[in-house]
Amino acid sequence: MKSLEEFQSFYQSDLTKTLNELELERKRAVKLVPLVVLGIIGLIGGVVGFMSGIMPLLFIILAIASLVITIICIVKIVGIKKPMKAKYKEEVIREMIGFLSEDLNYSPSGFISEGEFKRSKIFLKSADRYTGDDLVEGNLGETSVRFSELKTEYYTTNSKGNRTYHILFKGIFFIADFNKHFIGETMVLVDTAESMFGKLGTMLQKMNVSRPKLVKLEDPTFEKEFAVYGTDQVEARYILTPAMMSRIVDFKKKTGKVSLSFLNSNVYIAIDVSKNLFEPPFYKSMLDFELVKEYFNYLVLCVDIVEDLDLNTRIWTKD
Amino acid sequence: MIIGLSVTGFILLVFILIYNSLIGRKNQVENAFSSIDVYLKKRSDLIPSLVGAVKGYMDHEKELLMEITELRSQANAHSEYSNDRIETENKITESIGKVFIAVESYPDLKASENVLMLQRSINEIEAQLSASRRAFNASVTNYNNGVEKFPNSIVASMMSYKRRQVFTLPLAERAQMDQTPEINL
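So the protein lines, in turn, are chains A and B.
1 is the number of the first residue of the first sequence in this note's numbering; add one for each residue after it.
1 is the number of the first residue of the second sequence in this note's numbering; add one for each residue after it.
Hints are supplied without guarantee of correctness; some may be wrong.
To be verified - Covered by chain A, per the in silico footprint, the following chain B stretches (three or more residues, Cβ under 8 Å): (1) 118–125; (2) 128–141.
What the hints assert, rightly or not - Facing chain B, according to a computed beta carbon distance under 8 Å, are these residues of chain A, among others: (3) Ile60; (4) Leu214; (5) Lys216; (6) Glu218; (7) Gln233; (8) Arg237; (9) Tyr238; (10) Trp316; (11) Thr317.
Claimed, not checked - Label pairs and their calculated CB-CB ranges: (12) Thr156(A) - Ser21(B): 57 to 63 Å; (13) Ser160(B) - Ser210(A): 55 to 61 Å; (14) Ser274(A) - Gly24(B): 55 to 61 Å; (15) Met207(A) - Thr168(B): 28 to 34 Å.
Hints in this document: simulated from the structure, not taken from any laboratory.
We treat Cβ as the ideally placed atom computed from N, Cα and C, and that holds for glycine.
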């Protein structure tokens, strides 16, 4: 796997030229922001002045002029930002993915479909708003992988009938073909009940009718972090071997909140990330290495899942 | 009178609940037990194919192959799950391991599609066996908790339910299980 040093030299040799060009564009757009602010102030001032009734003609001219300036500036900013974003994705993110592995394809506007998201059964609620971008797909060794950013939301309605949207899942959704053959369903979910209520939590989990049966495993660290539900007790253990459990615990340490499910011969992994990834910066410099490094680290995290979960070991009957 | 009746009713209800939960736990153990048996049977079915695939090549390991065949018929003779059976099955695991180590010194065999497929199938069954052993142990622990905890223990002793043993592997075999076997494809 590529090291940070290798990435640094790749950054110097392949990315800085594009990033410098993008930085010029960004600066051009950022310069227009104060004009937008002035325009808005002028517009408000003009309207307030017009309402006060003193020199209404002057104020209405001020308001209209400010409005025109604001609109022109916003159109210009959008006109710069759109191709800038496209160029960033095509020439920075795509290059970074190619640097990690030549067998991966990248589609900036693609994302994991809602059907697949639902089929993973990690989330019981269905999404009322579903968007995503930055789809990466391809083969890493023997394993085919797909991942993208997703933002899914559901809404609740209060007594007045107003809708409030809540995040169902935001982050990276990863799908890989699993190295063992299985027919049932196994879900490895974040264990909130047990960590909050202890034994009582386990009882609550057992009574959870919307999930298959609770599977109690032997690894105490794993059990503390995750609640496992499965349609087949033996199959759940066939997938979650002691080695796999410690791999998942280690993976969780790297990522933070993570849930997995094993079904349809695949492993589905939902990694919570609050930030919007793989987007060009606007108020920060394009040449900020830390930001590019952060995106790179997230890509490495996804690509490494295959190694972390040992998915390329194909010694069982599944090819 | 009414108080007496309701107390008796309550005790009866608790008794029925505990009785049923114990039966449930016992059946779960038996069910988990049978899944181990399924995989042992599958493995046993693969042994003749394994011996058939390698015996033409292996001149020096004739004894090892004879031993495996012998162990297989011994294991099949014990239909019940006794300590003898466990011991025989453990010996089979060991002998199969030896056969695959021996395969390494025969390049023709090592490259044979048939042997590779058998090796994959046996790996699969071993992994399934290990999983079903763990599932069995989890059900035994659940059953033992049911039998030993108060007040279940009173009902359990009336039903003459006793604590059961969990499945343990000999140390050498456990070390073998913890490692991922290497196969060069």
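Hints, verified against the model:
Check on the region 118–125 of chain B: 5 of its residues sit with their Cβ under 8 Å from a Cβ of chain A, so the three-residue criterion for coverage holds. A stretch counts as covered by a chain when three or more of its residues have a beta carbon under 8 Å from one of that chain; for the region 128–141 of chain B and chain A the count is 9, and the coverage holds. Because the smallest distance between the Cβ of Ile60(A) and any Cβ of chain B comes to about 78 Å, over 8 Å, the interface hint for this residue is violated. A least Cβ separation of about 11 Å between Leu214(A) and chain B goes past the 8 Å threshold, and the interface hint is therefore violated.
The interface hint given for Lys216(A) holds, since its Cβ lies 6 Å from the closest Cβ of chain B, which is under the 8 Å cut-off. Of the supplied interface hints, the one on Glu218(A) holds, with its beta-carbon coming within about 7 Å of a beta-carbon of chain B, less than 8 Å. With 8 Å as the threshold, the beta carbon of Gln233(A) comes within range of chain B, its nearest partner Cβ sitting at about 4 Å, so the hint holds. Hint on Arg237(A) holds. Least Cβ distance to chain B is approximately 4 Å, under the 8 Å limit.
With a cut of 8 Å, the hint placing Tyr238(A) at the interface with chain B holds, because the nearest CB-to-CB distance is about 4 Å. Interface restraint check for Trp316(A): the shortest CB-CB distance to chain B comes to about 4 Å, inside 8 Å, so the restraint holds. Nearest Cβ of chain B to the Cβ of Thr317(A): about 5 Å, under the 8 Å cut. The hint holds. Between Thr156(A) and Ser21(B) the beta carbon distance is about 38 Å. The supplied range of 57 to 63 Å is therefore violated.
Distance hint for Ser160(B) and Ser210(A): a CB-CB separation of about 39 Å, inconsistent with the stated range 55 to 61 Å. Under the hint 55 to 61 Å, the C-beta atoms of Ser274(A) and Gly24(B), about 44 Å apart, miss the expected range. Here the CB-CB span from Met207(A) to Thr168(B) is close to 32 Å, well matched to the stated 28 to 34 Å.
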